[in-house]
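Student: Here's the letter readout for the chains.
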Amino acid sequence: MNRIELDRSDDLSGLISTYRPGFSLDARFYSSDAVYQRDLDVVFCRNWIYAGHISQLPKPGCFFLMEPGEESIIVVRDGARSVRAFANVCRHRGCRICTAEAGEVKAFVCPYHAWAYELNGRLRSKRAMPKDFDRSKYGLKPVRCEIFHGLVFINLDDGAPGLIDAIDEMNSSFEPYQLENTRVACRETYTVDANWKLAVENFMECYHCAPAHAEYSRCHTLKSPKDNEALRPAMLEEAGRLGYSTTAIDRSLPTDTGLVQYYYARNALYEPFVTGSKDGSAVAPLLGRVKEYGGGVADIQIGPVSFGILYPDHAVLYRFVPRGVQCTDMDIIWLVNQDAEQGKDYDLDELTWMWRVTSEADKKIILYNQKGINSRYYEPGPLSEMEAFTSGFIRWYLAQIE
Amino acid sequence: MNRIELDRSDDLSGLISTYRPGFSLDARFYSSDAVYQRDLDVVFCRNWIYAGHISQLPKPGCFFLMEPGEESIIVVRDGARSVRAFANVCRHRGCRICTAEAGEVKAFVCPYHAWAYELNGRLRSKRAMPKDFDRSKYGLKPVRCEIFHGLVFINLDDGAPGLIDAIDEMNSSFEPYQLENTRVACRETYTVDANWKLAVENFMECYHCAPAHAEYSRCHTLKSPKDNEALRPAMLEEAGRLGYSTTAIDRSLPTDTGLVQYYYARNALYEPFVTGSKDGSAVAPLLGRVKEYGGGVADIQIGPVSFGILYPDHAVLYRFVPRGVQCTDMDIIWLVNQDAEQGKDYDLDELTWMWRVTSEADKKIILYNQKGINSRYYEPGPLSEMEAFTSGFIRWYLAQIE
Amino acid sequence: MNRIELDRSDDLSGLISTYRPGFSLDARFYSSDAVYQRDLDVVFCRNWIYAGHISQLPKPGCFFLMEPGEESIIVVRDGARSVRAFANVCRHRGCRICTAEAGEVKAFVCPYHAWAYELNGRLRSKRAMPKDFDRSKYGLKPVRCEIFHGLVFINLDDGAPGLIDAIDEMNSSFEPYQLENTRVACRETYTVDANWKLAVENFMECYHCAPAHAEYSRCHTLKSPKDNEALRPAMLEEAGRLGYSTTAIDRSLPTDTGLVQYYYARNALYEPFVTGSKDGSAVAPLLGRVKEYGGGVADIQIGPVSFGILYPDHAVLYRFVPRGVQCTDMDIIWLVNQDAEQGKDYDLDELTWMWRVTSEADKKIILYNQKGINSRYYEPGPLSEMEAFTSGFIRWYLAQIE
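Chains as they are written, first to last, in the working numbering: chain Z, 1 to 402; chain P, 1 to 402; chain L, 1 to 402.
Don't take each hint at face value.
No copy labels: a pair is met if it fits in one copy or bridges any two.
Taking lysine-lysine and the DSS-like style, the derived pairs with C-alpha atoms no more than 30 Å apart in a straight line are [stated by the list, open to error]:
| id | residue 1 | residue 2 |
| --- | --- | --- |
| 1 | Lys126 | Lys364 |
| 2 | Lys363 | Lys106 |
| 3 | Lys226 | Lys291 |
| 4 | Lys363 | Lys126 |
| 5 | Lys141 | Lys364 |
| 6 | Lys141 | Lys278 |
| 7 | Lys291 | Lys137 |
| 8 | Lys59 | Lys226 |
| 9 | Lys106 | Lys344 |
| 10 | Lys226 | Lys131 |
| 11 | Lys137 | Lys126 |
Honestly, the hints are just simulated from the structure, not real lab data.
Throw the hints in and build the complete structure from the sequences for me.
Tutor: Structure follows, in structure tokens:
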């Protein structure tokens, strides 16, 4: 029976102990409410989670929301041009303050009783409150927020170590792309009726690329370890010449779960592909300090649920947002040079084609995966050699929640 | 964690003990299945609940349904012209008998196996039943029912004290309006995905009127305690002259939870408003014994979830019907003189405009309130001086369920 | 309170002990998650369940799915033309393999990572698997499967006794119809938001036929025990003359729960009906060895949730598929002679009319039944003399789950 609930923490230990290295997880990890609550508490509330891109906050008062589980976090640029994050919960009776996914405001005014907060979270009004009401105690609850090369990360855990220092060695990997000088050309959400871990596990392996992603596989050598190895030396040599870091970084394993997970590797593209496009040709102006096409692409990860593919002319960033035990949003943004003009410098359909078709296909197979796992005939199966990162994610995950 | 369930009654006591007077409630009161079941058992099954208006039952055999939670109660006028209520559950295998929200029948015939009941609930057929079947034991289960000035109330508790006697002092408040001589001009249901208590708490305070209800606030001085106070003496003098009761009644507090909750107060309207309309002008013929406009409006409550606004020319009655832990119907009826003709004596859009726009706005903010409360960042916040009735409702509610 | 959950197996015993013979069941049997899980475990995983008809598998590689609860079972004709059944769960990471309800394949290829299985379930590929991977251990999990007169049955219990031997005495009942030489002319699914038992209980009695099924009742004497008795002798004499078995078989009671449930009886039709049609006239060529119209119709059951009506010129087969505690699919197929051509030999609307109108009506009343049972006013009520089979089903069911 897959659907048995976990009532006590020792049940969780027992469940974790069922894990057999090299195999997929027990079904209850993908169907139990108790495990899901634990996932939210630990994975999403104690880690640095990528929330969005700095270009989504061009001016003071601009904000966007990040909403894992039943949370709603406001990320905003304040009057001093700092980026801050707050819980989207009025301190009066708990109403959501920002009700749109993104927008621009002069102050945060609760739509219910008009409690108004400065962009820095300070409560400024106290209409009809008792005389002893101390408004300094009722500011918006702050959420930690750090920015790395234009990517905004939040952390709901006040005691967690900082992000930027922890991932210092990633700087050289990002530097050529200057993602801080890009802007969001497109944003799409793919909602899949499956547990968030199935979506992450899917993203972390390319064993399924050849069968499920013909479009991706014509372009990316990740689909074939043999091809990937064969083309690697020439790709790395070219990458070095073009100024990319050629040192792979892999901090995705649970050897030290106190550390932020992060990852950087370059992978070759098949000829004649110079970027992730339909026909292989360029789709946008070169990013940042990138001088010419070549040197493969960068596959990156920062935090447990944030992934990216950095092409020479655009970047694709992925965040997985849990919405329920078996419901997950896959949010994707496409970044281009901040000066690039749609229609002139790039065509939106061409730019986004590769990851739209790929995400549509993933949405289907992840759902089929969840449905099969819900069967009493499911049992954990053996992973292939091409699923090493999925296996690593599972080990990291189990270390987190135990 | 807000979503932890309550497994035992001592958990409920513990939860109740978290209450801090002057603050809003803990999130679990709005999200726990166990609390919701308790609410249904106590609040909705032991109190007098307003179900509808006598004009909805013009003839013998006319009925309407009231459906709190998973219940379905038939309110019907029987052959002796008495109003009665029954559980809408066939005594054979439990099928719903009345499947439309309202209608007119000669007898209650179950659509499944045609068990037929008189309008007084008596089973009259016994097709194919064993010889020892005693049909006198299988009448429809009666539900208590009382009528006050045309308003029909039901009570699922056979042991509760009667309604009419308990609210005797409310007679003079209702008398001028003669609601028993009105009829339903319009009925609307607004479904809001929030716990029923959030909808009631919303209705019981006007702190949110100015921010959220511009239309209401142009008309009703309740939005401003200062204005309300300033205009009160002149309004009361006029009200007295026009024959309205000028004695406010407030039995909404939990000092004696054995008593029915009820409330009556008059509140001034801003000039030039003579009723709750878009431009302030009259929208229907004067009600009952009302001779002229003026004297403000009556705000009334009978029972925990029934509220009304009595204008000189129409009345608006509100009932809150729980449909799930986080789903509530707000059902509204607009009453006009029974002789008033639509199109001639009143325009339906004009008549209903004020409370349609107000309810649409409430539907949104109550939902935002629920969403914010579902966040782990929510904590009970301090109520304002304008939320005294909401605070009183909370205290009454806690006394009920403990 | 109907909604109290059952946390322990002794709660189930307690619930079973509430049963009063001759009455309907306690509400919790239709609303408890725990009871529903028990139903799936016992009723649907230990009995022979009718899944479909052999004509749905005309060639090797043709398959269809049967999906009770969260299961998905593939029924397929393999390369040796045998019919087999497998769990629709990839042995790798659990993905559904067949994603369409029916189809034709050369092999089973998982859409996720392309693990490929022979039609006999054997895993044939091992792309990128470790050297010690033994693919012989990772074939599709088999499900037992037997065929009776063209009807395909599955059983998820490896230890259950075989079907064909157990129902040997049913052969003569089926023989004249030669259902193995028919094909599916139409397939419809009616989804009803009610517990599966309410749907089965509905099917097993004709007390509701007269009130709820005017169309059926004009044709079938089952609606009237008196008429049924009166017309029986002549019908049986004619049936015998035409070569039908005239011996009724009733193995539907729980006297021995180890036995498969099955049932056969002939019932007269009213004049001038010769089949289940709108006007009583023939709707398709005579089935199998049937030589002429007459001799009534056969009502049959094999297994707990599979029923059929065998007319001289077509057959209607019913399966009930649980989809949730209060959600059930009623799947119907209409069988005609395998050589009959649509448009020439039969009109699809005429052929299916009777059981479409009947099923639409049942869908409504079963839903009303569930809604009424969800009320706290529901209590088990007395069954009529015309509900003997429903009563028998209840007793069989309680013996199963205890």
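Student: Classify it for me, Lys126 with Lys364: is the Cα-Cα distance of at most 30 Å met within a copy, between copies, both or neither?
Tutor: between (51 Å within a copy, 23 Å between copies)
Student: Between copies, within a copy, both or neither: which fits Lys59 and Lys226 at Cα up to 30 Å?
Tutor: Intra 48 Å, inter 39 Å, cutoff 30 Å: neither.
Student: From the Cα coordinates, with 30 Å as the cut-off, is the pair Lys106 and Lys344 best called within, between, both, or neither?
Tutor: Result: close neither inside a copy nor across copies, 33 Å intra and 48 Å inter.
Student: Are the CA atoms of Lys141 and Lys278 at most 30 Å apart within a copy, between copies, both, or neither?
Tutor: neither (45 Å within a copy, 40 Å between copies)
Student: From the Cα coordinates, with 30 Å as the cut-off, is the pair Lys226 and Lys131 best called within, between, both, or neither?
Tutor: Cα proximity of Lys226 and Lys131: across copies only (17 Å, versus 74 Å in one copy).
Student: Can you tell me if Lys226 and Lys291 fall within 30 Å by alpha carbon in one copy, between copies, both or neither?
Tutor: within (29 Å within a copy, 69 Å between copies)
Student: Using 30 Å as the alpha-carbon threshold, which applies to Lys363 and Lys126: within, between, both, or neither?
Tutor: between (47 Å within a copy, 25 Å between copies)
Student: Given a CA cutoff of 30 Å, do Lys137 and Lys126 count as a within-copy pair, a between-copy pair, both, or neither?
Tutor: within (12 Å within a copy, 62 Å between copies)
Student: If the cutoff is 30 Å on CA atoms, where do Lys363 and Lys106 land: within, between, both or neither? Let me know, please.
Tutor: Classified as between: cross-chain Cα gap 25 Å, same-chain 38 Å, threshold 30 Å.
Student: First find the shortest C-alpha distance between Lys291 and Lys137 inside one copy, then the shortest across copies, and answer within, between, both or neither for a cut-off of 30 Å.
Tutor: neither (52 Å within a copy, 53 Å between copies)
Student: With 30 Å as the alpha-carbon cut-off, assign the pair Lys141 and Lys364 to within, between, both or neither.
Tutor: between (38 Å within a copy, 23 Å between copies)
Hints 6, 7, 8 and 9, counting from the list given before, are not met by this structure.
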